[in-house]
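We have chain G; now place chain D onto it with these hints.
There are 2 protein chains.
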Amino acid sequence: MLKITKDCELLKNALLQRRQKLAGLVNFPAILWSGRSISRNYPALTYPFRASSHFLYFAGLQLENAAVRIESGKLELFLDDAPASSTLWHGEMPKRSEIADRIGADAAFPMAELKSRAKGAATVAVQDYLTQLQQAKMLDRPVFPAKSPEEIDLELTKAIISLRLTHDESALTELREAAAVTVAAHKAGMAATKTARIEAGVRAAMESEIASQNMTCSYPSIVTVHGEILHSEHYHHPLKTGDLLLADVGAETAAGWAADVTRTWPVSGKFSPTQKAIYDIVLAAHDTCIDRISPGVEYREIHLLAARIIAEGLVDLGILRGNPEDLVEMDAHALFFVHGIGHLIGLDVHDMEDFGDLAGYQAGRARSSRFGLGYLRLNRVLQAGMLVSIEPGFYQVPAILNDPEIRTKYQDIVNWEKLNQFVDVRGIRIEDDILVTGVGREVLTEKLPTDALEIEGLVSVCAPS
Amino acid sequence: MLKITKDCELLKNALLQRRQKLAGLVNFPAILWSGRSISRNYPALTYPFRASSHFLYFAGLQLENAAVRIESGKLELFLDDAPASSTLWHGEMPKRSEIADRIGADAAFPMAELKSRAKGAATVAVQDYLTQLQQAKMLDRPVFPAKSPEEIDLELTKAIISLRLTHDESALTELREAAAVTVAAHKAGMAATKTARIEAGVRAAMESEIASQNMTCSYPSIVTVHGEILHSEHYHHPLKTGDLLLADVGAETAAGWAADVTRTWPVSGKFSPTQKAIYDIVLAAHDTCIDRISPGVEYREIHLLAARIIAEGLVDLGILRGNPEDLVEMDAHALFFVHGIGHLIGLDVHDMEDFGDLAGYQAGRARSSRFGLGYLRLNRVLQAGMLVSIEPGFYQVPAILNDPEIRTKYQDIVNWEKLNQFVDVRGIRIEDDILVTGVGREVLTEKLPTDALEIEGLVSVCAPS
Numbered sequence: 001m002l003k004i005t006k007d008c009e010l011l012k013n014a015l016l017q018r019r020q021k022l023a024g025l026v027n028f029p030a031i032l033w034s035g036r037s038i039s040r041n042y043p044a045l046t047y048p049f050r051a052s053s054h055f056l057y058f059a060g061l062q063l064e065n066a067a068v069r070i071e072s073g074k075l076e077l078f079l080d081d082a083p084a085s086s087t088l089w090h091g092e093m094p095k096r097s098e099i100a101d102r103i104g105a106d107a108a109f110p111m112a113e114l115k116s117r118a119k120g121a122a123t124v125a126v127q128d129y130l131t132q133l134q135q136a137k138m139l140d141r142p143v144f145p146a147k148s149p150e151e152i153d154l155e156l157t158k159a160i161i162s163l164r165l166t167h168d169e170s171a172l173t174e175l176r177e178a179a180a181v182t183v184a185a186h187k188a189g190m191a192a193t194k195t196a197r198i199e200a201g202v203r204a205a206m207e208s209e210i211a212s213q214n215m216t217c218s219y220p221s222i223v224t225v226h227g228e229i230l231h232s233e234h235y236h237h238p239l240k241t242g243d244l245l246l247a248d249v250g251a252e253t254a255a256g257w258a259a260d261v262t263r264t265w266p267v268s269g270k271f272s273p274t275q276k277a278i279y280d281i282v283l284a285a286h287d288t289c290i291d292r293i294s295p296g297v298e299y300r301e302i303h304l305l306a307a308r309i310i311a312e313g314l315v316d317l318g319i320l321r322g323n324p325e326d327l328v329e330m331d332a333h334a335l336f337f338v339h340g341i342g343h344l345i346g347l348d349v350h351d352m353e354d355f356g357d358l359a360g361y362q363a364g365r366a367r368s369s370r371f372g373l374g375y376l377r378l379n380r381v382l383q384a385g386m387l388v389s390i391e392p393g394f395y396q397v398p399a400i401l402n403d404p405e406i407r408t409k410y411q412d413i414v415n416w417e418k419l420n421q422f423v424d425v426r427g428i429r430i431e432d433d434i435l436v437t438g439v440g441r442e443v444l445t446e447k448l449p450t451d452a453l454e455i456e457g458l459v460s461v462c463a464p465s
Numbered sequence: 001m002l003k004i005t006k007d008c009e010l011l012k013n014a015l016l017q018r019r020q021k022l023a024g025l026v027n028f029p030a031i032l033w034s035g036r037s038i039s040r041n042y043p044a045l046t047y048p049f050r051a052s053s054h055f056l057y058f059a060g061l062q063l064e065n066a067a068v069r070i071e072s073g074k075l076e077l078f079l080d081d082a083p084a085s086s087t088l089w090h091g092e093m094p095k096r097s098e099i100a101d102r103i104g105a106d107a108a109f110p111m112a113e114l115k116s117r118a119k120g121a122a123t124v125a126v127q128d129y130l131t132q133l134q135q136a137k138m139l140d141r142p143v144f145p146a147k148s149p150e151e152i153d154l155e156l157t158k159a160i161i162s163l164r165l166t167h168d169e170s171a172l173t174e175l176r177e178a179a180a181v182t183v184a185a186h187k188a189g190m191a192a193t194k195t196a197r198i199e200a201g202v203r204a205a206m207e208s209e210i211a212s213q214n215m216t217c218s219y220p221s222i223v224t225v226h227g228e229i230l231h232s233e234h235y236h237h238p239l240k241t242g243d244l245l246l247a248d249v250g251a252e253t254a255a256g257w258a259a260d261v262t263r264t265w266p267v268s269g270k271f272s273p274t275q276k277a278i279y280d281i282v283l284a285a286h287d288t289c290i291d292r293i294s295p296g297v298e299y300r301e302i303h304l305l306a307a308r309i310i311a312e313g314l315v316d317l318g319i320l321r322g323n324p325e326d327l328v329e330m331d332a333h334a335l336f337f338v339h340g341i342g343h344l345i346g347l348d349v350h351d352m353e354d355f356g357d358l359a360g361y362q363a364g365r366a367r368s369s370r371f372g373l374g375y376l377r378l379n380r381v382l383q384a385g386m387l388v389s390i391e392p393g394f395y396q397v398p399a400i401l402n403d404p405e406i407r408t409k410y411q412d413i414v415n416w417e418k419l420n421q422f423v424d425v426r427g428i429r430i431e432d433d434i435l436v437t438g439v440g441r442e443v444l445t446e447k448l449p450t451d452a453l454e455i456e457g458l459v460s461v462c463a464p465s
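Protein chains in written order, with the numbering used here: chain G, 1 to 465; chain D, 1 to 465.
Among these hints, one or two may not hold up.
The list treats identical chains as interchangeable, and a pair is accepted whether it falls inside one copy or across any two copies.
What the hints assert, rightly or not - Keeping only pairs whose Cα atoms sit at most 35 Å apart, straight-line, the calculated DSBU-like set for lysine-lysine is:
(1) Lys187 with Lys276
(2) Lys95 with Lys12
(3) Lys95 with Lys418
(4) Lys115 with Lys147
No wet-lab data here; the hints were simulated from the structure.
Computed from a prediction, not measured in an experiment: that's the story for all the values here.
For reference, chain G alone in the conformation it holds in the complex (with noise of 0.2 Å):
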């Protein structure tokens, strides 16, 4: 269904301009479809649409069973108008030629005309299965999957990815009000943990937020008193006095554009002095990385960076033994900091993570086998206009750190009777989205405290009973 863009011409100059900038890397036309609505219990019944990334980037808009054919940088729209039948439940709906006008189309069609028009063009498979179907029925020939795609659909691959890597003004526009909208909403959670008595009570605040800004969840939200468990989609359990209530909630704009953002607050009010210590190291880690976020920097280096600070925290609490250097190097972060620095944002929260690491790591890298790095999933060279997420954490996940072999080999490298005492800290993540300047970085989502005194300050010092 058709949702309202702000400014049009914005909108439509930003189109004409990628696919501008896609006919210089590619000599082939390029086909992307949108896909369509999925059924939850019946056909009737289905969640909510949200088209392909790559079909939004060029098209703009959430359209159902379209697709755009761009060659030479001409964007023809493929598009059925609605049944008239429809009208009585849907409402009149933009025609074919009314949408094509609005994205700046150099021609509509019917989607009975892409047949004809699609030979020799490259595509990204989509993730619905009957729409992948179609691609390879339109082609008359098979499409891999995204994260593996061949031929001129590889190159095309590589031509969007070098495109989405780093974002225009309107991309830009769209991700600052996601940001903001994001930002809201953890002020409205730190605010609901006063009176909420389960998890989802606080997620159903911030994502009322959201909802009132007709904006949609960029992903699943994280809303949970168990931290360590890094993507619990669960939310009935009750909020106790000495619980850390970690929430990783983002917004994504009506045109699809994310933002990603986790807070962790107490649910008291106050953390204890055991939180407020590993929360501190966090902080430590966030800031510092961010503050490193520059054009040319590797971004491996950031996670680097941000291991060797917790190290180094965690050293000065004495839960790990040694000097911080080496401990990154035996990966004894990764106890604790179990996953990655961060990764790109745009139109999709880990953006185009359908592309698999294609995306994410720069030609003729791949995946580390250490545990300390193989988490991480963006490892390339910063350029100004990437998106960048920065999340360290601290966790004690119980599947790590009981695991006997992982224990045999950390046992003295790991003070296990001072760990004890810091069993009240399940889980911390701060996170911010960060994007990379000409000269150095702005925090798109920085009107959101990190300071622990200014959180305390938001979710109150009355405690829930």
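This is chain D only, laid out in the frame that chain G set:
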């Protein structure tokens, strides 16, 4: 992912009774698949998982990539344990054996065992295409869509319909919870109207109430000042003094049971005289139809009763001319009451709509070709234990009222000039969920006011800017 159920023993007993009843209806095994998570942007970013309703009916829990095999009242669960590597991201998951115990399964196996136990089994096609392919592969035969099953699949479908048509105590417990939270959501929506600037603000307040109870929405919310667009999914329109806001929003419990409620209220906190006049007609239809619900009553007659009351009211207002009975015969009510009086409610908001009309229409009955009857989703004799919606409405749909053929046909029936005075009544619907009891009815959503004055009180008299 596994959600928590409150009362395991109640659930276990209900599941046992359901499959024992099934054993009385079919003499072949049935295998029901739950389906899988659907990718949104990329494989790891999925829509919230929702199991097939038929699976939920017999298995009770939202298990991904699972199946149950039911034969002679015995239940076998097929489910793979989560790989150890997933513990980092999703925490410790319950083992197959624990889940089997929780639902009272007689045996439990990994998915790989299903093929050898699939011979001769009937099934129902799920919604997701990849699982459909798996169904056909496991059963080694084609599996047709749920609305057009063949042979034993058709027999199983009829058996499931006969079970799911009426609700047991376990189901009713869930349905009452969904209804209660839905009532709270509507009250929150009315209260939020005072401060919301756009429809999205009211929607956010309503869905937040649902999310805060750890429930989901049972269908995409309709919250619109354009009530004449029956399935509007836009939320960007400003709320203006003089507008009516139509909200069709329902909760779904973690186990999948739905509610479905609509209220229509004035943005300003006060109905105009024209709005009040039409509201009272729709309310009279609503109240009278609910009073008529009883075992043994033809639901179609309730639809026609609503049609007569609406026609009568519109004659009294001078909008229609003629005898109400005759007007209904001529389908004149359907110019404004453009849909059916309601539908079944259960694990689906339109319960078992994946079966097409096999569930909604009694054997031997088919949709009417009449303009004023063809949209009726339920045409059965009511039985104790059925849950149905009653949702009369009045709409001025441009596609209907401006249709030249319709205008000609109803030229002398409609006082078009008089109708013009009611231009501020674009769409009104009042919908509740009614359980057919042994002696009559119980309105599960009765705590939500329908009375115009009470609604005005809830919205408050403060108009938004």
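Right, here's what the structure says about each hint:
no. : hint               : in the structure
1   : Lys187 with Lys276 : within (20 Å within a copy, 40 Å between copies)
2   : Lys95 with Lys12   : within (18 Å within a copy, 53 Å between copies)
3   : Lys95 with Lys418  : between (67 Å within a copy, 32 Å between copies)
4   : Lys115 with Lys147 : both (25 Å within a copy, 30 Å between copies)
Figure legend: structure checked against the earlier numbered hints; every hint is met.
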